[in-house]
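Visitor: Here's the letter readout for the chains.
2 protein chains.
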Amino acid sequence: MDEFELIQRFFVRADEARGVTTGIGDDGAVLKPDPGCELISVIDTLVASVHFPNDINAADLGYRVVAVNLSDIAAMGGRPRWMTLALTMTESNEKWLSEFAEGLHRAAAEHDVSLVGGDTTQGDDIVVSVQITGDVAEGAAILRSGAAAGDTIFVTGTVGDAAAGLELLSAGKPDEYLSSRFFRPTARVDFGQSLAGRASAAIDISDGLLGDLKKLLYSSGVGAEINLDNLPISDALASSFDRDVQRRYALSGGDDYELCFTAADDALPDVSELRVTAIGTVIQGDRLVCRDANGIVEYDDSGYRHFQ
Amino acid sequence: MDEFELIQRFFVRADEARGVTTGIGDDGAVLKPDPGCELISVIDTLVASVHFPNDINAADLGYRVVAVNLSDIAAMGGRPRWMTLALTMTESNEKWLSEFAEGLHRAAAEHDVSLVGGDTTQGDDIVVSVQITGDVAEGAAILRSGAAAGDTIFVTGTVGDAAAGLELLSAGKPDEYLSSRFFRPTARVDFGQSLAGRASAAIDISDGLLGDLKKLLYSSGVGAEINLDNLPISDALASSFDRDVQRRYALSGGDDYELCFTAADDALPDVSELRVTAIGTVIQGDRLVCRDANGIVEYDDSGYRHFQ
Numbered sequence: 001m002d003e004f005e006l007i008q009r010f011f012v013r014a015d016e017a018r019g020v021t022t023g024i025g026d027d028g029a030v031l032k033p034d035p036g037c038e039l040i041s042v043i044d045t046l047v048a049s050v051h052f053p054n055d056i057n058a059a060d061l062g063y064r065v066v067a068v069n070l071s072d073i074a075a076m077g078g079r080p081r082w083m084t085l086a087l088t089m090t091e092s093n094e095k096w097l098s099e100f101a102e103g104l105h106r107a108a109a110e111h112d113v114s115l116v117g118g119d120t121t122q123g124d125d126i127v128v129s130v131q132i133t134g135d136v137a138e139g140a141a142i143l144r145s146g147a148a149a150g151d152t153i154f155v156t157g158t159v160g161d162a163a164a165g166l167e168l169l170s171a172g173k174p175d176e177y178l179s180s181r182f183f184r185p186t187a188r189v190d191f192g193q194s195l196a197g198r199a200s201a202a203i204d205i206s207d208g209l210l211g212d213l214k215k216l217l218y219s220s221g222v223g224a225e226i227n228l229d230n231l232p233i234s235d236a237l238a239s240s241f242d243r244d245v246q247r248r249y250a251l252s253g254g255d256d257y258e259l260c261f262t263a264a265d266d267a268l269p270d271v272s273e274l275r276v277t278a279i280g281t282v283i284q285g286d287r288l289v290c291r292d293a294n295g296i297v298e299y300d301d302s303g304y305r306h307f308q
Numbered sequence: 001m002d003e004f005e006l007i008q009r010f011f012v013r014a015d016e017a018r019g020v021t022t023g024i025g026d027d028g029a030v031l032k033p034d035p036g037c038e039l040i041s042v043i044d045t046l047v048a049s050v051h052f053p054n055d056i057n058a059a060d061l062g063y064r065v066v067a068v069n070l071s072d073i074a075a076m077g078g079r080p081r082w083m084t085l086a087l088t089m090t091e092s093n094e095k096w097l098s099e100f101a102e103g104l105h106r107a108a109a110e111h112d113v114s115l116v117g118g119d120t121t122q123g124d125d126i127v128v129s130v131q132i133t134g135d136v137a138e139g140a141a142i143l144r145s146g147a148a149a150g151d152t153i154f155v156t157g158t159v160g161d162a163a164a165g166l167e168l169l170s171a172g173k174p175d176e177y178l179s180s181r182f183f184r185p186t187a188r189v190d191f192g193q194s195l196a197g198r199a200s201a202a203i204d205i206s207d208g209l210l211g212d213l214k215k216l217l218y219s220s221g222v223g224a225e226i227n228l229d230n231l232p233i234s235d236a237l238a239s240s241f242d243r244d245v246q247r248r249y250a251l252s253g254g255d256d257y258e259l260c261f262t263a264a265d266d267a268l269p270d271v272s273e274l275r276v277t278a279i280g281t282v283i284q285g286d287r288l289v290c291r292d293a294n295g296i297v298e299y300d301d302s303g304y305r306h307f308q
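From first to last, the protein sequence lines are chains H and E. Just so it is clear: in the first sequence, position 270 is 270 by my numbering, and no numbers are missing. Just so it is clear: in the second sequence, position 3 is 3 by my numbering, and no numbers are missing.
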């Protein structure tokens with residue numbers, strides 16, 4: 001099977017695609033942006049044995065590599081539209097490819113995203129990059145830099161589940177719910193769009209709540225006080241670990257793909273369908289202070305950092 | 001050096017960038033498309049020891065991975081605007097990174113392209129993907145599918161040089177000019193833009209002239225007759241190999257990143273600055289016939305195909 005056949009067979013879908021003049025099969029895709037919109041462009045890579053276990057289910061990998069990019073679009077308040085794929089694989093295995101493509105298209109279809117181009121190559125390891133272009137009304141993108149002293153800090157969903165799920169899996173004690181939060185993260189795309197024009201700043205939690213919040217604070221030139229008693233912990237996480245371990249996962253576990261955002265209280269959108277928790281307050285200065293009922297808690301584990 | 005520092009140090013440039021509302025440093029880039037334009041999106045990956053020698057100069061790699069994507073934009077008649085980078089590297093080596101970034105930015109700057117985002121990861125091999133978004137006047141993109149019987153078939157520059165250069169290098173008999181055609185390919189961006197609205201079809205020559213021309217013919221539902229005596233061969237290639245070997249490189253060597261395009265004769269743009277050669281004619285049917293002064297020549301080497 002050559003690359004042309006491979007792409008036709010596994011990656012081309014006949015669905016009517018929004019704003020796609022020419023999709024897969026030419027030197028490039030031709031796309032028609034909506035008037036009055038700005039574009040949002042994101043790219044993220046997953047590398048075997050660094051970002052996922054080598055024996056990952058191919059459908060989970062396909063789903064996950066799209067979801068992590070959707071999450072970046074969500075953090076900007078954008079609507080995801082078109083994606084391109086760069087897939088380096090160890091061999092051209094039809095079963096693996098079919099499953100990978102199924103997971104990829106499933107995550108894309110959940111948010112009406114079209115695969116419009118890609119490149120498949122062979123290498124010694126699986127390396128998958130997905131690039132997504134989205135759009136947002138002109139001037140409405142949510143940046144990391146807009147948080148102001150007095151804003152409330154919120155986080156969506158629950159945090160710490162993905163990292164805990166992966167660690168339990170490695171330890172041979174898998175928890176189905178927690179594992180699913182790693183392999184099939186829920187990008188908060190619709191909620192992110194509802195934040196555009198209402199949140200003062202946002203970031204998605206890929207490297208851990210504390211580390212990613214620090215990036216937001218740094219960009220905004222502010223500090224924060226966090227109440228650790230308010231961290232949103234799932235029942236599954238709470239029932240598997242004691243409080244200190246729960247907190248460690250919640251603060252620096254990473255891979256959650258929830259949104260951390262800041263807003264003036266009265267700007268908080270209706271959140272009836274998604275758990276959204278106020279965890280602290282933006283303050284002047286550059287300190288990030290963690291408290292609980294017993295006082296200040298010190299953490300210097302700032303989350304996942306590459307190349308340390 | 002963590003990823004944040006790495007990106008700030010090597011990849012963020014202070015240049016004023018066209019149409020970039022928010023560049024590197026947020027969850028995604030915010031970009032402002034021009035009214036009346038469609039977008040063109042391309043992505044291409046280079047894998048160590050598959051697409052380039054392991055000991056490649058980092059600046060050449062950075063240059064080349066941009067150029068191969070610029071070439072795809074050129075083949076669509078587009079103007080390249082914004083690029084994202086997915087770089088998987090074996091270690092965080094400052095000298096290597098600095099050189100890689102220099103080559104990358106040089107190729108981008110030649111066509112006023114801004115690096116607006118990226119992801120750096122660590123793996124066992126170097127895998128580099130670049131995605132470029134360009135634009136083109138609405139409806140003016142050149143597809144592979146527009147060639148019609150009677151059109152003349154053209155190719156820019158000379159063909160076969162890059163593959164010959166690489167083979168001479170591997171054989172320990174490097175030719176400086178031919179090697180440079182592999183390591184620093186010249187994407188025909190300005191010429192590609194001048195073809196928009198004038199060429200009936202175009203493709204860039206990445207996999208070899210014959211193989212890529214076949215893709216164009218297949219998309220257009222036509223055949224072609226090529227005159228091998230008209231193949232544009234550089235002096236360097238001509239002086240290094242006999243005629244049959246020159247032809248083999250020219251027809252199926254790959255990595256040339258020249259444009260092959262079709263046009264009605266009178267539609268050919270002014271080509272005073274770039275060598276453009278008529279090599280044949282589009283015919284009805286689906287055959288690709290190669291001739292020279294002695295009659296029909298049979299070739300079944302259709303160029304580089306992945307996973308065979």
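Any given hint might turn out to be false.
Since the list gives no way to pick one copy over another, a pair counts as held whenever it fits inside one copy or between any two copies.
Stated by the list, open to error - In silico EDC-like pairs for lysine to aspartate or glutamate, Cα to Cα no more than 16 Å straight-line:
| id | residue 1 | residue 2 |
| --- | --- | --- |
| 1 | Lys173 | Glu102 |
| 2 | Lys215 | Glu5 |
| 3 | Lys214 | Asp2 |
| 4 | Lys32 | Asp124 |
| 5 | Lys173 | Asp125 |
| 6 | Lys215 | Glu225 |
| 7 | Lys215 | Asp125 |
| 8 | Lys215 | Asp2 |
| 9 | Lys215 | Asp229 |
| 10 | Lys215 | Glu3 |
| 11 | Lys215 | Asp286 |
| 12 | Lys32 | Asp190 |
| 13 | Lys173 | Asp34 |
| 14 | Lys95 | Asp235 |
| 15 | Lys215 | Asp292 |
| 16 | Lys32 | Asp265 |
| 17 | Lys214 | Asp292 |
| 18 | Lys214 | Glu110 |
| 19 | Lys215 | Glu110 |
To be clear, the hints were calculated from the coordinates, so they are not data collected in a lab.
Visitor: Looking back at the numbered hints, which does the structure fail to meet, lowest number first?
Guide: When the structure is compared with the hints, numbers 1, 4, 5, 7, 9, 12, 13, 14, 15, 16, 17, 18, 19 turn out to be violated.
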